[in-house]
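Asker: Chain residues, written in single-letter form:
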Amino acid sequence: MASARERAARGWVAPTVTALVIIGVWQAVCSLGLVPDFMLPGPVDVVRALADDALLLLAHSATTLAEAALGLAIGVALGFAIACLMDRFETVYRALDPLVTVSQTIPTVAIAPLLVLWFGYGILPKVVLVVITTFFPITVALASGFKSVDPDVLDLMRTMDATRWQVFRYAKLPAAAGQFFGGLRISATYAIVGAVIAEWLGGASGLGVYMTRVRKSFSYDRMFAAIIVISALSLALMKGVDALQRACMPWERAERKKQS
Amino acid sequence: MPSSHDNGSEAPALEARGVSLSWESEPVVRDISVLVPNGEVVCLVGRSGCGKTTLFHALAGLTRPDAGTVLLHGEDVTGRPGRVSYMLQKDLLLPSRTVIDNVCLPLVVAGERPAAARDKARPLFARFGLEGTERLWPSQLSGGMRQRAALLRTYLMANDVVLLDEPFSALDALTRADMRGWFCDMARELGLSALVITHDVDEAVSMASRVYVMRGNPAAGEATVIAGAVDIARPGAREGFELTPEFLAAKREVLGLLG
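Protein sequences, first through last, are from chains A and B.
My numbering numbers the first residue of the first sequence as 1 and each following residue consecutively.
My numbering numbers the first residue of the second sequence as 261 and each following residue consecutively.
Derived by calculation from the structure, the hints in this document are not laboratory data.
We put the beta carbon where it would ideally sit given N, CA and C, even for glycine.
Please note that a few of the clues may not be correct.
Claimed, not checked - Calculated cross-link-like contacts (lysine-lysine; reagent style DSSO-like; alpha-carbon spacing at most 30 Å): (1) B:K350 / B:K380; (2) A:K257 / B:K350; (3) B:K350 / B:K511; (4) A:K147 / B:K350; (5) A:K147 / A:K258; (6) A:K258 / B:K511; (7) A:K239 / A:K147; (8) A:K216 / A:K239; (9) A:K258 / A:K239.
Stated by the list, open to error - Partial pick of chain A residues on the chain B-facing surface, computed with a CB cut under 8 Å: (10) D152; (11) M160; (12) D161.
To be verified - With the Cβ distance kept under 10 Å, some of the chain A side facing chain B (calculated, not the full set): (13) D150; (14) D155; (15) T159; (16) Q166; (17) P250.
Next up, chain A with everything else stripped away, as it sits in the complex (with noise of 0.2 Å):
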């Protein structure tokens, strides 16, 4: 046990370290003078511009974090939906398998204006947005998902003489769960730089409004206190997906135990 956690505690020091020095040398960089100020702000000007910003970050946090979550809960409902659909009927899978990955190429950044001309400057943009870049991961993981369970299992299920819900419910579902989570990782993401791009493009609020605020008044500073908001919010996303997987398969940390 010791030896485990002694592994898990040498494995925070090497990337600590490198973050570290990465600091110190962008704020030995800035202290030099070697870049002008209003280029590249050093660390201890974003973390005051931080302090200073909190409150206001923190509101703003508030509304592209409702954006996301809003964007998440829809884009993975309608997701599920569609797996579903592909898994129960065959033609369903091959008229739409070939799309749902074409689609996963187009760039969120050159349709978000389009959004904004549809649906104006409220929310709507921004979770639509969400939707479109969170709903393909977690489709697509889904179908391959209920594509991976063993046809075994799925023979075994018809000696018990099960019907189509239970062998979803049983075999299907479960077998689909790692996959699953995999791309709500991946989508949680998504849905936090989702909502910001849509934000860049106009709104009331919004780590995003925020942002392009800051910008034209060139405290980049500010900016870099933005940037790290984000990264925080989408960390901590990931994080809670984690969690989230924890509770939902706790068979998972049996078998991880048992090949370490």
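With chain A held as given, fit chain B onto it using these hints.
Answerer: Below, chain B alone, put in the same frame as chain A:
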């Protein structure tokens, strides 16, 4: 729940009459007739790829044979799944369910409430050598325990007739020998009738009261047929049967039929 069917009816537990099957219009097995008397263990031996598993799919009702009928206690169950308990070659325990919930799955699928199903399964854990594993995950069990859990699940499939497809082939030799003895004792105690596929002649002769020998090579266009059956009389205790001349004689006969 399984129950013994010795209510005066003379119908065997399971009977296949003239079953023929093909795969993409190539015949795999032809005119197979086998009979499992009530409360007995019967083995089917044959070389790999001779169509044993294909035949079992038909006996379990997963596929409908081109010809022939499958009778369960005299009732025609041809092409009807869910009537005969079937244990596939792999243990197929679902990683997402605890051992007890895996074992209960047939009951839950049949419409029982999970709590009631667990109450039914719990007393059987000791008999299957699984006490204390109820709340573990399948990945925490040894190979032999996984196989016993799969057998308990098969037993709870609501029938006293079980089909076992190479049930012990994934186990090491010592565990396999233990499991064989354990299975025969348990089957006798619970009044199960079993049809067991194996490619291990020793295993077949040591377990069964009758061994059917399948011969053929469907891949070469030669449909598999029953080459013959060997009845094995085994008076008294089974202990040490593998060392008797009767065992060797039966084994020689089976090997002769295998060709």
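Asker: Which constraints among the numbered hints does this structure fail? Numbers only, ascending.
Answerer: 6, 8
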